Amino acid sequence: MNRTLFLKLNYVFVLVFIYLPIFLMIGLSFNESKYFNQWTGFTLQWYQELLQNQNILNALYNSIFVAVVSTLLSILFGFGIALYLFRVKNRFTTFVEKFIYVPIVIPDVTMAAMMLVFFVFISNFLEIKLGIATTIISHTAFNISFVTVLIGSKLTRKLKVLEEVASDLYANHFQVIKQVTLPFVMPALLASIILSFVLSFDEVVISMFVTGPGSTTLPVYVFSMIKKGVTPAVNSVSSLMLIFSLILVTGVLLLSRKDNLK
Amino acid sequence: MTRNKLNNILGLPGIIFLSVFFFTPSLFIFRYIFGSRTRTGKTSFDKIYFDSFSQLLDFNVLPIINKSFVTAFFVTLICFIVGYPFAYYIKKLSTTMKYFSLFLISIPFLTNFLSRTYSWKILVSKNGLITKYVSMFYDVSSLLFTDFSVVLGMVYVYLPFMILPIFTSLENIEDSLLESAKDLYANPFKAFYYVTFKLSLPGVIAGIVLTFIPSLGAYIIPQILGGSKSMYLGNFTVLQFIQASNWPLGSLVSLIILLFMVFAINLLFKFEGQRNL
Numbered sequence: 151m152n153r154t155l156f157l158k159l160n161y162v163f164v165l166v167f168i169y170l171p172i173f174l175m176i177g178l179s180f181n182e183s184k185y186f187n188q189w190t191g192f193t194l195q196w197y198q199e200l201l202q203n204q205n206i207l208n209a210l211y212n213s214i215f216v217a218v219v220s221t222l223l224s225i226l227f228g229f230g231i232a233l234y235l236f237r238v239k240n241r242f243t244t245f246v247e248k249f250i251y252v253p254i255v256i257p258d259v260t261m262a263a264m265m266l267v268f269f270v271f272i273s274n275f276l277e278i279k280l281g282i283a284t285t286i287i288s289h290t291a292f293n294i295s296f297v298t299v300l301i302g303s304k305l306t307r308k309l310k311v312l313e314e315v316a317s318d319l320y321a322n323h324f325q326v327i328k329q330v331t332l333p334f335v336m337p338a339l340l341a342s343i344i345l346s347f348v349l350s351f352d353e354v355v356i357s358m359f360v361t362g363p364g365s366t367t368l369p370v371y372v373f374s375m376i377k378k379g380v381t382p383a384v385n386s387v388s389s390l391m392l393i394f395s396l397i398l399v400t401g402v403l404l405l406s407r408k409d410n411l412k
Numbered sequence: 053m054t055r056n057k058l059n060n061i062l063g064l065p066g067i068i069f070l071s072v073f074f075f076t077p078s079l080f081i082f083r084y085i086f087g088s089r090t091r092t093g094k095t096s097f098d099k100i101y102f103d104s105f106s107q108l109l110d111f112n113v114l115p116i117i118n119k120s121f122v123t124a125f126f127v128t129l130i131c132f133i134v135g136y137p138f139a140y141y142i143k144k145l146s147t148t149m150k151y152f153s154l155f156l157i158s159i160p161f162l163t164n165f166l167s168r169t170y171s172w173k174i175l176v177s178k179n180g181l182i183t184k185y186v187s188m189f190y191d192v193s194s195l196l197f198t199d200f201s202v203v204l205g206m207v208y209v210y211l212p213f214m215i216l217p218i219f220t221s222l223e224n225i226e227d228s229l230l231e232s233a234k235d236l237y238a239n240p241f242k243a244f245y246y247v248t249f250k251l252s253l254p255g256v257i258a259g260i261v262l263t264f265i266p267s268l269g270a271y272i273i274p275q276i277l278g279g280s281k282s283m284y285l286g287n288f289t290v291l292q293f294i295q296a297s298n299w300p301l302g303s304l305v306s307l308i309i310l311l312f313m314v315f316a317i318n319l320l321f322k323f324e325g326q327r328n329l
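One line per chain: the protein sequences are A and B, in this order. Numbering of the first sequence is given in our numbering, commencing with residue 151 and proceeding in unit increments. Numbering of the second sequence is given in our numbering, commencing with residue 53 and proceeding in unit increments.
Just so you know, the hints here were simulated from the structure itself, not pulled from any lab data. Keep in mind the model is a prediction, meaning the values are calculated, not measured. A virtual CB, placed ideally from N, CA and C, is assigned to each residue, including glycine. Among these hints, one or two may not hold up.
Unchecked claim - Taking CB as the label site, the calculated pair distances span:
no., chain 1, residue 1, chain 2, residue 2, range
1, A, S273, B, M188, 53 to 59 Å
2, A, M336, B, S193, 53 to 59 Å
3, B, V186, A, F275, 24 to 30 Å
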């Protein structure tokens with residue numbers, strides 16, 4: 151077979167392979183029929199039912215709350231660590247620079263297990279229950295690293311020079327951060343805000359381990375629905391989750407592209 | 053306050069947070085491995101136990117490790133066979149099309165993992181599109197809850213992890229190298245093998261590690277597409293924690309997954325190091 155033709159076919163095949171299931175699922179979520187193998191007409195009925203499902207609304211509320219708080223915390227902590235690693239060089243920071251990758255690459259099952267045993271163990275001594283707080287702490291624990299790495303990649307020599315110029319012009323420490331550092335890292339900062347929100351909002355395994363009754367997040371709830379089977383309710387709620395993260399991720403990609411072009 | 057002190061204080065809160073809520077929990081895993089499950093499902097720590105190690109054999113964990121490895125191997129292989137030509141093709145596209153294709157591949161890289169796995173469940177369940185097609189050749193009513201659908205589901209989710217690093221390394225190869233190969237009378241196949249393929253090896257290895265590792269410890273995909281009966285390392289671990297309340301064994305298996313990962317990443321760095329020599 152012609153080589154270029156093969157490459158082209160493979161290209162089309164991969165894109166169809168990746169996008170067909172997604173579009174099929176979104177399409178089915180508007181299908182009037184309860185059965186997914188026949189199309190009987192367009193309806194918004196399943197989405198309306200979602201809005202009346204109190205369990206899903208509660209889970210959605212929990213998810214948003216967890217994602218917002220853990221994003222705020224991870225930006226605060228992660229940005230701080232990134233600046234610290236950028237400005238201070240010693241043996242300790244070299245260690246931190248390597249260690250910061252561990253929460254990113256650790257398998258989610260392993261992280262879930264260690265957070266669970268930790269929280270349960272300390273609950274023998276402290277008044278702590280599995281719930282929203284433990285979920286926020288666990289999400290923050292892996293999001294900090296993403297923020298540090300993402301912002302850290304933008305803290306380059308160029309910024310160092312700009313900061314030195316500002317100090318030479320008698321800007322004090324806070325003026326340097328406010329007028330030089332912050333504007334310089336703004337795109338990366340925005341990207342990491344969206345990314346940590348998405349990572350927290352989509353997280354399943356860790357949340358499943360450290361959450362308690364009444365504080366279930368949306369993906370954990372949807373996961374339990376999915377295990378039961380293919381239903382119109384799952385079609386619509388997964389479509390919504392997918393579209394939501396799709397929009398946010400597109401934002402991140404556009405931001406980083408704009409940033410690279412600069 | 054001196055500038056230096058201020059810089060130190062900037063990193064302090066985050067580092068303290070990670071020490072307490074990431075580093076310390078990782079130490080607890082080691083303590084739990086040497087605990088013992090009591091009859092009530094709680095873990096006892098009154099002395100050092102080795103129950104979890106003997107249970108590794110009693111509970112037939114080795115075949116599960118084996119199955120996870122075989123699955124991860126096939127997933128990685130398929131991803132490579134499909135992903136390499138894909139990356140090779142988009143490298144040659146015009147700039148706009150190249151970035152658009154990269155964009156299309158990066159989107160699923162980060163979007164909701166659960167929904168994407170579920171969308172695949174629709175295709176392989178009874179009367180699903182793929183099931184219908186396959187049933188024309190084989191006698192099957194549903195592909196759901198088979199190893200076949202687990203492998204396909206993993207390929208579906210992890211394919212971008214293979215394509216992106218390969219593309220990056222292909223993109224860094226200078227065209228002049230291929231031209232010199234041609235000038236030196238290398239035939240297209242030889243030129244491809246000795247120049248393109250060899251220079252793209254770091255990306256290939258990164259892609260292999262990035263697909264192999266998550267497939268090895270996967271939990272969600274086997275659970276949704278493989279059903280509760282088919283056991284992989286990831287769902288075996290979760291089972292020990294959630295249903296069997298055997299935390300020492302669960303801790304040990306989760307540590308084993310981590311060790312495999314550390315080993316693979318070291319391998320990756322070793323190859324990277326060789327390239328830089």
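How the hints compare with the structure:
Between S273/A and M188/B the C-beta distance comes to about 56 Å, which sits within the given range of 53 to 59 Å. A hinted range of 53 to 59 Å holds for the C-beta pair M336/A and S193/B, which are about 55 Å apart. Between V186/B and F275/A the Cβ separation comes to about 56 Å, which falls outside the hinted range of 24 to 30 Å.
Of the hints listed earlier, the one the structure fails to meet is number 3.
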